[in-house]
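Q: Protein sequences appear in the order of chains A, B, C, D and E.
Quick note: the first sequence, position 225, residue 225 per the working numbering, numbers continuous.
Take any residue in the second sequence, note its place counting from 1, add 1000, and you have its number in the working numbering.
Take any residue in the third sequence, note its place counting from 1, add 2000, and you have its number in the working numbering.
Take any residue in the fourth sequence, note its place counting from 1, add 3000, and you have its number in the working numbering.
Take any residue in the fifth sequence, note its place counting from 1, add 4000, and you have its number in the working numbering.
Derived from the structure by calculation, the hints contain no laboratory data.
It should be emphasised that the depicted structure is a prediction, and the values quoted were computed from it without experimental measurement.
Honestly, I wouldn't trust all of these hints.
[What the hints assert, rightly or not] Below 27 Å or equal to it, Euclidean Cα-Cα: the simulated DSSO-like pairs (lysine-lysine) are:
id: 1; chain 1: B; residue 1: LYS1226; chain 2: D; residue 2: LYS3021
id: 2; chain 1: D; residue 1: LYS3027; chain 2: E; residue 2: LYS4196
id: 3; chain 1: B; residue 1: LYS1378; chain 2: A; residue 2: LYS240
id: 4; chain 1: C; residue 1: LYS2212; chain 2: A; residue 2: LYS137
id: 5; chain 1: D; residue 1: LYS3109; chain 2: B; residue 2: LYS1408
id: 6; chain 1: E; residue 1: LYS4027; chain 2: D; residue 2: LYS3109
id: 7; chain 1: E; residue 1: LYS4031; chain 2: D; residue 2: LYS3149
id: 8; chain 1: A; residue 1: LYS303; chain 2: B; residue 2: LYS1106
id: 9; chain 1: A; residue 1: LYS333; chain 2: A; residue 2: LYS315
id: 10; chain 1: B; residue 1: LYS1010; chain 2: E; residue 2: LYS4137
id: 11; chain 1: C; residue 1: LYS2270; chain 2: B; residue 2: LYS1408
id: 12; chain 1: D; residue 1: LYS3031; chain 2: E; residue 2: LYS4149
id: 13; chain 1: A; residue 1: LYS244; chain 2: B; residue 2: LYS1378
id: 14; chain 1: D; residue 1: LYS3109; chain 2: C; residue 2: LYS2270
id: 15; chain 1: E; residue 1: LYS4196; chain 2: D; residue 2: LYS3254
id: 16; chain 1: B; residue 1: LYS1010; chain 2: A; residue 2: LYS303
id: 17; chain 1: B; residue 1: LYS1151; chain 2: A; residue 2: LYS240
id: 18; chain 1: B; residue 1: LYS1124; chain 2: A; residue 2: LYS44
id: 19; chain 1: B; residue 1: LYS1106; chain 2: A; residue 2: LYS44
id: 20; chain 1: A; residue 1: LYS206; chain 2: C; residue 2: LYS2212
id: 21; chain 1: B; residue 1: LYS1149; chain 2: A; residue 2: LYS244
id: 22; chain 1: D; residue 1: LYS3196; chain 2: E; residue 2: LYS4027
id: 23; chain 1: B; residue 1: LYS1151; chain 2: A; residue 2: LYS110
id: 24; chain 1: E; residue 1: LYS4128; chain 2: C; residue 2: LYS2458
id: 25; chain 1: B; residue 1: LYS1149; chain 2: A; residue 2: LYS110
id: 26; chain 1: E; residue 1: LYS4027; chain 2: D; residue 2: LYS3137
id: 27; chain 1: C; residue 1: LYS2457; chain 2: D; residue 2: LYS3027
id: 28; chain 1: B; residue 1: LYS1408; chain 2: E; residue 2: LYS4027
id: 29; chain 1: E; residue 1: LYS4027; chain 2: C; residue 2: LYS2458
id: 30; chain 1: A; residue 1: LYS303; chain 2: B; residue 2: LYS1149
id: 31; chain 1: E; residue 1: LYS4128; chain 2: B; residue 2: LYS1016
id: 32; chain 1: E; residue 1: LYS4149; chain 2: C; residue 2: LYS2457
id: 33; chain 1: E; residue 1: LYS4027; chain 2: D; residue 2: LYS3149
id: 34; chain 1: B; residue 1: LYS1378; chain 2: A; residue 2: LYS110
id: 35; chain 1: C; residue 1: LYS2458; chain 2: B; residue 2: LYS1226
id: 36; chain 1: D; residue 1: LYS3196; chain 2: E; residue 2: LYS4128
id: 37; chain 1: A; residue 1: LYS184; chain 2: A; residue 2: LYS137
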Amino acid sequence: ACGDQSGGGAGATRDQIRAVGSSTVYPFATAVAELFVQGNAGMKSPIIESTGTGGGMKLFCAGVGAQHPDIADASRRMKKAEFEQCAANGVKDIIEIQIGVDGLAFAESKQGPGLKLTPKIVYEALAANPYGKGPNKAQTWKDVDPSLPAIAISVFGPPSTSGTRDSLAELILEKGCQSDEAMKALKEKNEDEYKATCTRVREDGKYVDSGENDNLIVQKLGANPNAVGVFGYSFLEENKDTLKDVPINGVEATYETVSTGQYPGARPLYIYVKKAHMTAIPGLQGFLNTFAANWNPDGALTKRGMVAAPEDVRKKSAETVKALTVLDGSQLK
Amino acid sequence: MSTRNPTDWKSEAMRKRIAGRYAAERRFKFAGLFAVVLSASFLAFLLVTMMGNGLRGFTRTEIALKVDFPASPLLLDPKAITDEALANANLPMVTGTVAKTALGDKADALLSPTAWISIRDAIKADPTILSRTATISVPASTGLDLAAKSKGSPEMEAEVAQLKQQGVLSTGFNFSFLTASDGTDPTQVGIWGAFKGSLLTMLVTLILSFPVGVATALYLEEYARKNWWTDIIEVSINNLAAVPSIIFGLLGLSIFLNLAHLPRSAALVGGMTLALMTMPVIVIAGRNAIKSVPPSIRDAALGIGASPVQVVFQHVLPLALPGILTGTIIGMARALGETAPLLMIGMRAFIATPPGGVTDPATVLPVQIFLWSDEVSKGFVEKTSAAIIVLLAFLLAMNGLAIYLRNKFETRW
Amino acid sequence: MTGPAILLLLAGLGAIAWVSARARALRLQTAARATGRRDAVHSLPGYHGWYVALWTLVPAAIFLAIWANVAPGLVTQSVLADPAAQSLPVDAFSRSAILGEARAIANGSQAGAFNPLSQGLVEPYAQALNKYGIAGAVLALVLAFAGGAFAFTRVRPDFRARTRVERLVMASLLIASLIAIITTLGIVASLLWESFRFFSMVNPIDFLFGTKWSPQSAAMGYGNDDAFGAVPLFWGTIFIGAIIAMIVAIPLGLMSAIYLTQYASPTVRKWMKPTLEMLAGVPTVVYGYFAALTIAPALRDFAVMIGIHGASSESALAAGLVMGVMIIPFVSSMADDSIAAVPQSMRDGSLAMGATTSETITRVLIPAALPGVVGGVLLAVSRAIGETMIVVMAAGLAANLTANPFASVTTVTTQIVQLLTGDQEFDSAKTLAAFALGLVLFIVTLLLNIVALRVVKKYREAYD
Amino acid sequence: MTEEQTNLTIDNPKMSARDVKVFYGEKQAIKGVSIDVGMDHVTAFIGPSGCGKSTFLRTLNRMNDTVASARVEGEITLDGENIYAPSMDVVQLRARVGMVFQKPNPFPKSIYENIAYGPRIHGLAAGKADMDVIVEKSLRRAGLWDEVKDRLHDSGTALSGGQQQRLCIGRAIAVEPEVILMDEPCSALDPIATAKIEELIHELRGRYAIVIVTHNMQQAARVSQRTAFFHLGDLVEYGVTSDIFTNPRQERTKDYITGRYG
Amino acid sequence: MTEEQTNLTIDNPKMSARDVKVFYGEKQAIKGVSIDVGMDHVTAFIGPSGCGKSTFLRTLNRMNDTVASARVEGEITLDGENIYAPSMDVVQLRARVGMVFQKPNPFPKSIYENIAYGPRIHGLAAGKADMDVIVEKSLRRAGLWDEVKDRLHDSGTALSGGQQQRLCIGRAIAVEPEVILMDEPCSALDPIATAKIEELIHELRGRYAIVIVTHNMQQAARVSQRTAFFHLGDLVEYGVTSDIFTNPRQERTKDYITGRYG
Ligand SMILES: Nc1ncnc2c1ncn2[C@@H]1O[C@H](COP(=O)(O)OP(=O)(O)OP(=O)(O)O)[C@@H](O)[C@H]1O
Ligand SMILES: Nc1ncnc2c1ncn2[C@@H]1O[C@H](COP(=O)(O)OP(=O)(O)OP(=O)(O)O)[C@@H](O)[C@H]1O
Ligand SMILES: [Mg+2]
Ligand SMILES: [Mg+2]
Ligand SMILES: O=P([O-])([O-])[O-]
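Just need the whole structure built from these sequences, with the hints factored in.
A: So this is what it looks like as structure tokens:
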């Protein structure tokens, strides 16, 4: 007799698309959502939640049905454990689409000393236990590399709980670590110890966990001219008036270098879609098409500060959208 | 019995002592005044800073764009202007072309990407303009907007100067900020959706937490026998107040979403979760208020044959109401500003349409503020502050009624 | 019949029941009073009205609540029995999506069909909805009538309607107070299982007494040893929330309350009290920015100036100070109310002894108002413990075990939020640690509250 | 009962107490009191300050229930019904056994509302006009009407001490209880007001059972027909007032009423 | 002054009031009273309930300041100093002019702390032992010591009405003020306790100026040497007590003391 919006009955449905996940992909996803509504009169606006990649995966993999999201945004690839969790909950056919690239930028205040870094320097400055030779004693950049000024090391970066921090570890720290041959050997021998040595960040205040708010890091850099900040490339781009780039390996973070992967801190961005929802949720296909129409270099993706993927990747993704090819879990780590 | 003489109040020692007590009294009073002034000046500082940044968020820069409709590549029949026709007319592209003719190659950088919406609305309002040249005010791009209002990039400042010379630039009150919802372009976003979300959420919170909180306080203070059982209830309520809000989010997630299958991101669930969090505050404040009603009042009423329920609802409750309302005010204020538990139940989300009811997806003001504060575009800085001003206005309005009632009920006896 | 209509109808029935029962009671009582025996009449006629109205409404409402949960299932079943349902896909979700759409169209909340299959089901749906809707309405009305009639026959002058109605009031008050218990249990339950899993990975002793908190190590798979020592977090929580913030909030809040109730003119009080209450409502992001960008750098510069080593741009002091400001209203408003409620005769008694106002306040009013003052302080501490945004932005996330207020520390709640909202993994100790932290925090605050309860009981000075 | 006692049987007592003991926590305030209160006469309780008069009075309408530390033993009946029985409706009991407290405790409401409250909750007035009549009559009987008739809507707490006391008397009689317990109703009253209250008591006698606590022997002698003398929690002597005052049987009573005590 | 008045000059008065008017909001409660209070005699204020005795008493140590609606006009001096002068030290004034209120208002503290409160804030005790002496002496003088000596650390609010009243008297005299204002100090007391308080008053006379409000003519006659009769806010007659009671000059006074009033 009463309303039945409780959704408890067998006939639960939803007429809105729901996406959850990465805060990095969020700006692009929202832009796509907006364009989707503009291009499809009568469609309800998709709901994009910013939960972080891991949180999004957890929700995404909880099951198939109206109460579970259709799409997971991710600033890294799905992990094997997550894929298995999905499968366990009946989320079998998952479509993986790479939508673009993000750069992990290093920046300092315009008044800053103009540091020039390499993954090796960053690693030696930030590792908790560089090359497994005992606690990091470097106090200034000069301690790490004599060519650098004697300025106290101070890096504002993502907290250990964030996906962006994983990227920092993977893209920069591990590379710096592997400059040492012994470490490469260690990787083969003892993966755990290798990880600990190569990705663990010092906790003595030189590296400052700064929460998820990148604007705050930008502002803090303004107040601390000698500090270096690590955050999404788009924030560097937007704040060029107060910040300047810290080149890595002599490569500046620019649109081109990130897009081509020449810049070391580039990482791919994905969305994951449940195939089972394609037929049940109105407009889902159209939404994916809108993604595809906007991830080109002149599309909404770049307007929102991200970088378009190389052409071949885009092509492959476009095909996935069309054919709804499902992900083969065995390639995941 | 030994007798003592009257104290010599005029003696030098006594005089000195009293002078000292007066000094202490003055210090104490000054400390009180100082505390009030200091607290108020913190607030004033915050408010002034926010106003400074935020008031600009209520205005926007517009460019008067001359559109020669007959000459434009727009294919629209003035007699059949429907939403669908407008949606299919590819207005964004047409706007781009028109802007290029009017403003030159930099038009893209000068106009908001959503400028075409203004043109669409103009056509909708008066289809006859399709047959002539019309001047339509469209929002400027974020860069231009910033440059026009305060500090922008040098290029944009130059553009501003030039456009001003042409007399096409104007800054006016941004009505769409009060009527629109979340979006991706700072010139186009509005606070209405989040505002409505907060309104609905707070409504649910109030409807649930106030009666339950007051009822609990009454039960514990007036009826429950004082034994271990009431001690347990008391301690667990006090303890609930200390539970981090995100844990209420976890609870809401597992009970309201996973168990009861209520809709995700809905004001209903948000309100219920926040109600759990607000209730202890109301209970604690309420109990204290009830405790401070003198027992002689209860005796008087019981003595003429009032039932315990009548004593409570006709005497104790009215006298305790100011204190209960204080608890409600601070509890609701906290609920209004809360973001963490709402994340767990899906309210930290991009929601571009205002909710129609408590079961529709919604976000709330503090979440909107949080989301905007994390946006890349600098145009969002002033929008964030403007949203904070709206939140404070909401807070004031919400508390206004409670404060009015509190002042009304407050009596000293 | 639609939901609102039936509710309206029931409300109408309730009103009729109230009016007629009240009228009948009044008539009977007038007659009974004439006999002169006082106990011939027990309750006011209004109570009889409520008694009958409640019997009319409550059973029907309970039935409707149950029906609302049962009926959709019945409707769906009868639709599935329809031949048109044979063509539905087997896949459960698509199937329910189509059914849901058909229902939405049938009850008019959606105009057109996205899926062609659902169009065929609209008709059966409309029929089934109608059928069960009417059935529910009829049953509810029957219940309402039956309940009302039963109660109506009991209306007699000496019937104890007031006692019955009050019993219901009492029961609802009791139930309300149980919500707190249920919530508490719910919280414990939602923390317990995951905490248990956490403690099967990490030794509880290490967790409770370890002094190194470094969840990144666990996150990156270098094992759980030496990664989950929660002591620095608890220390940080106490340092920021219970020490620094309270050093700000208690004096400012209490003194403000005292000034406003005892010294300021009523008009000033009327305006200042709500003004200060705004401090509690300013969103924490605002405080966070204020703390991180204005207070923290200033404090660091100050610390460097006076030569303190290890001054960081994220400091416990910055976060604590700003948090203290935020919770001033918790102390000030609750203390204000309690002090204002102390009877005037207590003040008079003290003033007449030649006490100054400040002596009267500190020696008579505050002790008498103690429960309220302590209640406010406890609420304030609770709020401070639960705060995250300010800590993240101004005190950093580094778990240092230090008493240096210029150093960066972090709190339990902050870590819980970071762990729960950051990049989580399903089974890693890192995510589960959030639950364990929550549980331990819960237990610690519980113990503190028990102590506080004892203390207040002991020192309270009850007036009358 | 620890002491030998005058045996005073009353046929058909309105209230009777049997071996009532009251404890405040550990401390025993009433040590086993048995007494009968009838309709036809006013009973006065006298005794030195702190001897338990108020405490005993409060047991008669179960007001001691509201003191957390108080505990009552023994049996008290009203019209033969045990008022401490679980089946007893305490609310109705208190409506039937009205009370005027020792410390005047007006509600922080208007004078009118103070009086009207009782009749309203017991449904004694048929309407506004009826209520006005009740209020006026009660205030008149309490001897307060002339002083407050122009300010019925001022607060009851803004009255003088004696006025508050009379307001509380008016409030108690407004509900027309069967038994009226008055704890020093005239303590704050001048002789004229006192006379009015005594007149009221005379007027009520016969229709109501009345118990009055007083420190004023003359008053006890004037208004009461039975007097009970309490001392240190004991009911030392209970008898016909004239007997007690002229011919007390107990030494302690004699000492007290002749002022030789202490 | 609206009425002709007995002219009673006192040399060297301790306190004197000149044309004092008190208003509660619009309502005038005291209509212009002039009176002198000396050290050598006890002054009694008598008059019907609500006539303004308490109100006037409260003007003498400025306790009316605490009633928001109250407004005082006229001049009152203590040892020749105007107590309403801005330079007046109200704290010292109230310490010098002690007060016992009509409704007992013990602090919600222990009995001991109730008494010790005043001496402590005024620094009258040299130490714990000294304080114990003061507490005992004050309680003894108030006639309460024997009843409470075993429970000095129980709450003052858990006393009987009369005990509370004596506690408040003890509290007031513990600071040894120069003037003592007592508003019906014996209203809740039995004859024996009353006698003790009256004894106390006798004992204090000469060294302290004492004003006592009472409804008990006998008491006024017993303890006072000067009597002031108030009526409807007027000071109708002020004179030597024996004169007033035997030979009142005003018709109203006569009516009142002979009980023929009203
Ligand atoms: N706070 C107040 N506000 C308004 N009117 C008041 C207030 N206090 C007393 N009054 C009025 O002032 C008049 C004098 O009151 P006051 O208390 O002085 O009388 P009193 O002589 O002490 O009487 P009693 O013997 O009954 O105590 C009375 O009419 C009383 O109602
Ligand atoms: N709430 C209480 N808690 C503990 N003891 C109490 C309480 N109330 C009264 N008493 C004690 O019980 C005894 C009897 O008190 P009660 O009030 O009955 O005396 P009373 O005869 O009315 O005296 P009074 O004439 O002074 O009013 C006294 O010793 C008193 O101190
Ligand atoms: Mg008594
Ligand atoms: Mg008086
Ligand atoms: O939100 P993330 O992109 O850091 O997972």
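Q: Is B:LYS1378 within 27 Å of A:LYS240, Cα to Cα?
A: holds, 11 Å
Q: Taking 27 Å as the top limit, are the C-alpha atoms of B:LYS1010 and E:LYS4137 close enough?
A: This hinted pair holds, its Cα atoms lying about 24 Å apart.
Q: Starting from A:LYS206, check that the Cα of C:LYS2212 is at most 27 Å away, please.
A: Since the Cα atoms of A:LYS206 and C:LYS2212 sit roughly 17 Å apart, the hinted pair holds (cutoff 27 Å).
Q: CA of E:LYS4027 to CA of D:LYS3149, is that 27 Å or under?
A: Status holds; Cα separation ~14 Å.
Q: Can you confirm whether the C-alpha distance between E:LYS4027 and C:LYS2458 stays at or below 27 Å?
A: violated, 45 Å
Q: Taking only the CA atoms, is the gap from A:LYS303 to B:LYS1149 under or equal to 27 Å?
A: With Cα atoms ~22 Å apart, A:LYS303 and B:LYS1149 stay inside 27 Å; holds.
Q: Does the structure keep E:LYS4027 and D:LYS3109 at a Cα separation of 27 Å or less?
A: holds, 19 Å
Q: Are E:LYS4149 and C:LYS2457 close enough, with their CA atoms no more than 27 Å apart?
A: At roughly 25 Å apart (the allowed maximum being 27 Å), C:LYS2457 and E:LYS4149 satisfy the hint.
Q: Holds or violated: C:LYS2457 and D:LYS3027, Cα atoms, limit 27 Å.
A: holds, 21 Å
Q: Run the distance test for C:LYS2458 versus B:LYS1226: straight-line Cα separation, threshold 27 Å.
A: Status holds; Cα separation ~15 Å.
Q: Would you check the hint for B:LYS1378 and A:LYS110, treating anything up to 27 Å between C-alpha atoms as holding?
A: holds, 17 Å
Q: Would you mind confirming whether the straight-line C-alpha gap from B:LYS1106 to A:LYS44 stays at or under 27 Å?
A: violated, 34 Å
Consistency note: the structure conflicts with the earlier hints numbered 16, 19, 29 and 36.
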